[in-house]
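Build the full structure now, drawing on both the sequences and the hints.
Below, each chain spelled out in residue letters.
There are 2 protein chains.
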Amino acid sequence: MQTLSQQQYIDGIKDGNTIVLSRAITLLESTRSDHQALAREVLEELLPLTGRSKRLGVTGVPGVGKSTFIEAIGELLIEDDKKLAVLAVDPSSQLSKGSILGDKTRMEKLSAHPSVFIRPTAAGDALGGVGRRTRETILLCEAAGFDYVLVETVGVGQSEIAVHSMVDCFLLLLLSGAGDELQGIKRGIMEMADIIAINKAFINSELKPQAKQAMQELRNALHYFPEKDNSWLTKVCATDSLEGEGVQKMVETLDSFFNHQRLKGYDLERRKKQDLFWFHETIRSRLLSQFYQNDEKQKEITQMVAAIEAGRISSFKAADALFEKE
Amino acid sequence: MQTLSQQQYIDGIKDGNTIVLSRAITLLESTRSDHQALAREVLEELLPLTGRSKRLGVTGVPGVGKSTFIEAIGELLIEDDKKLAVLAVDPSSQLSKGSILGDKTRMEKLSAHPSVFIRPTAAGDALGGVGRRTRETILLCEAAGFDYVLVETVGVGQSEIAVHSMVDCFLLLLLSGAGDELQGIKRGIMEMADIIAINKAFINSELKPQAKQAMQELRNALHYFPEKDNSWLTKVCATDSLEGEGVQKMVETLDSFFNHQRLKGYDLERRKKQDLFWFHETIRSRLLSQFYQNDEKQKEITQMVAAIEAGRISSFKAADALFEKE
Numbered sequence: 086m087q088t089l090s091q092q093q094y095i096d097g098i099k100d101g102n103t104i105v106l107s108r109a110i111t112l113l114e115s116t117r118s119d120h121q122a123l124a125r126e127v128l129e130e131l132l133p134l135t136g137r138s139k140r141l142g143v144t145g146v147p148g149v150g151k152s153t154f155i156e157a158i159g160e161l162l163i164e165d166d167k168k169l170a171v172l173a174v175d176p177s178s179q180l181s182k183g184s185i186l187g188d189k190t191r192m193e194k195l196s197a198h199p200s201v202f203i204r205p206t207a208a209g210d211a212l213g214g215v216g217r218r219t220r221e222t223i224l225l226c227e228a229a230g231f232d233y234v235l236v237e238t239v240g241v242g243q244s245e246i247a248v249h250s251m252v253d254c255f256l257l258l259l260l261s262g263a264g265d266e267l268q269g270i271k272r273g274i275m276e277m278a279d280i281i282a283i284n285k286a287f288i289n290s291e292l293k294p295q296a297k298q299a300m301q302e303l304r305n306a307l308h309y310f311p312e313k314d315n316s317w318l319t320k321v322c323a324t325d326s327l328e329g330e331g332v333q334k335m336v337e338t339l340d341s342f343f344n345h346q347r348l349k350g351y352d353l354e355r356r357k358k359q360d361l362f363w364f365h366e367t368i369r370s371r372l373l374s375q376f377y378q379n380d381e382k383q384k385e386i387t388q389m390v391a392a393i394e395a396g397r398i399s400s401f402k403a404a405d406a407l408f409e410k411e
Numbered sequence: 086m087q088t089l090s091q092q093q094y095i096d097g098i099k100d101g102n103t104i105v106l107s108r109a110i111t112l113l114e115s116t117r118s119d120h121q122a123l124a125r126e127v128l129e130e131l132l133p134l135t136g137r138s139k140r141l142g143v144t145g146v147p148g149v150g151k152s153t154f155i156e157a158i159g160e161l162l163i164e165d166d167k168k169l170a171v172l173a174v175d176p177s178s179q180l181s182k183g184s185i186l187g188d189k190t191r192m193e194k195l196s197a198h199p200s201v202f203i204r205p206t207a208a209g210d211a212l213g214g215v216g217r218r219t220r221e222t223i224l225l226c227e228a229a230g231f232d233y234v235l236v237e238t239v240g241v242g243q244s245e246i247a248v249h250s251m252v253d254c255f256l257l258l259l260l261s262g263a264g265d266e267l268q269g270i271k272r273g274i275m276e277m278a279d280i281i282a283i284n285k286a287f288i289n290s291e292l293k294p295q296a297k298q299a300m301q302e303l304r305n306a307l308h309y310f311p312e313k314d315n316s317w318l319t320k321v322c323a324t325d326s327l328e329g330e331g332v333q334k335m336v337e338t339l340d341s342f343f344n345h346q347r348l349k350g351y352d353l354e355r356r357k358k359q360d361l362f363w364f365h366e367t368i369r370s371r372l373l374s375q376f377y378q379n380d381e382k383q384k385e386i387t388q389m390v391a392a393i394e395a396g397r398i399s400s401f402k403a404a405d406a407l408f409e410k411e
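Line by line, the protein sequences give chains A and B. With the working numbering applied, the first sequence covers 86 to 411. With the working numbering applied, the second sequence covers 86 to 411.
Simulated from the structure, these hints should not be mistaken for laboratory data. No residue lacks a Cβ here, since even glycine has one placed at the ideal position from N, Cα and C. Mixed in with the good hints there might be a few duds.
Said to hold, decoys possible - To give an idea of the interface, some chain B residues facing chain A are shown, with a C-beta separation under 7 Å as derived from the structure:
1) Arg217
2) Tyr351
3) Asp360
Written as structure tokens, this is what we have:
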């Protein structure tokens with residue numbers, strides 16, 4: 086990979102040049118440490134330009150219609166002259182070394198628009214695959230002048246916790262099914278949501294009965310959740326990205342959420358908490374990788390595991406022994 | 086605290102002397118590292134005698150009737166000539182430096198019986214307060230010859246994850262209320278349960294209608310959960326510890342669970358996984374405390390946090406900087 090100079094990356098991103106932005110993200114995702122170091126120097130220089138976008142996380146199980154949903158609200162945002170970056174995070178790409186969400190054609194209209202930047206982001210190694218790189222990518226997009234940064238993730242693991250810890254607003258998409266709305270989704274994810282949308286909720290512009298029922302059930306269930314720090318009561322909406330129903334209302338709900346946060350000062354508070362979360366998470370992750378990636382240590386660990394399995398030593402004593410040898 | 090000699094602890098515990106056992110546990114819980122070291126030497130010597138008991142975790146929100154429940158099934162077990170150790174874990178004791186669960190009078194009949202050992206265990210610092218010490222205490226009880234070790238915990242935090250990782254069977258107590266059985270309890274905890282008991286489910290030996298409904302709802306909900314490794318389908322029972330209803334059936338359900346596990350070899354497999362879990366968890370916890378308890382490091386961390394909050398440095402760069410100085 087041919088790299089640009091540090092100044093070329095900085096200037097290009099400042100100018101909102103998406104080709105340079107894209108190359109900087111690739112640099113971040115490189116396995117070569119000199120590439121990563123260069124990308125991070127660029128990021129530190131651009132830090133004063135970050136923090137100005139609205140960061141929105143969108144999650145939901147496969148098939149719920151995340152891409153169409155993002156396309157639908159994205160269109161409204163760009164009509165309003167907003168610039169929009171969409172980061173599609175695929176937690177499985179850690180295994181496949183590529184991103185199955187990278188299919189830009191899924192967002193046909195958005196991907197053709199000059200105000201939109203769509204980018205699959207490869208999963209890193211922190212918190213279920215979504216971590217540092219995605220967060221750094223958000224910051225680069227902000228420096229490039231995007232008004233909204235949407236982070237799309239599949240609702241199937243720890244990746245939501247990571248995404249929740251890097252966005253201002255966390256949006257959960259659900260489908261209304263046969264009365265089992267509450268069973269299908271992990272409780273923890275529902276608790277994190279600021280807004281829940283029942284997607285594919287309309288047929289011929291009419292709200293489906295099961296969507297209505299699902300909304301009611303959700304609102305009931307939400308009463309049992311602990312109150313959020315920001316005193317925002319999770320909103321439940323109905324949308325249909327293909328029919329276009331409820332999309333305008335969704336954008337209004339988003340606005341009212343962002344207003345609520347800004348008026349109460351919760352927007353800055355949340356970001357401050359997130360910064361500290363990632364500070365400590367990075368420390369944790371570095372400590373572990375330092376420890377486990379040591380060849381000497383790995384041999385000892387293998388021996389200890391064998392001793393534990395044979396019942397010759399307790400787990401605790403075995404762990405202690407690894408430290409005593411230091 | 087006056088300590089015994091290592092050999093005195095070992096001999097006493099081998100003899101099933103509960104006074105010596107109790108003193109060894111106190112040693113484990115001491116904040117003095119020489120006490121802990123002595124206790125751990127004792128434990129390593131006793132290791133060949135551990136692993137023979139049935140380890141049972143009992144969890145549920147305050148008020149669900151855990152103590153009465155344990156008393157009720159405990160009575161059946163001792164009638165069957167079993168020896169029983171009950172460890173009451175209070176996750177809040179990390180704050181209060183004492184255990185509110187330490188009130189032995191709550192289990193009047195059991196606490197007076199010579200085959201029963203009841204002990205509140207102070208919470209440690211791993212996994213929400215329940216970790217190493219509780220697990221080590223289980224092992225000491227096993228070496229002392231108890232057939233059953235029951236670990237009681239309040240279902241309000243991370244402590245269930247810890248307890249789940251140290252027992253053979255995880256039992257969740259619920260109350261039947263006004264149709265909101267599924268809302269009140271964290272989903273993750275329900276997924277961990279091997280057996281769920283609706284407690285206080287009878288009135289004048291009749292199953293209450295809402296208990297019946299709760300059982301049905303639970304069984305429906307359980308269908309949506311992923312299948313367990315051990316191919317055991319979580320059982321739902323109704324009990325009433327005060328009336329004594331359902332308690333015999335509960336003990337039979339326990340037996341059938343333990344039989345299932347033994348026949349399929351899942352009992353050993355589960356314990357092996359738990360051993361490895363605690364091995365890595367102990368490593369993690371030691372790495373973190375080593376790092377954060379360093380005075381020099383703490384100063385740097387404070388400076389970095391200030392720089393992050395002022396927006397002068399990214400969370401990641403700040404964390405990296407702590408490692409570069411090493």
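Hint by hint, here is what the structure shows:
no., hint, result
1, Arg217, "6 Å, holds"
2, Tyr351, "16 Å, violated"
3, Asp360, "5 Å, holds"
When the structure is compared with the earlier hints, a violation turns up for hint 2 alone.
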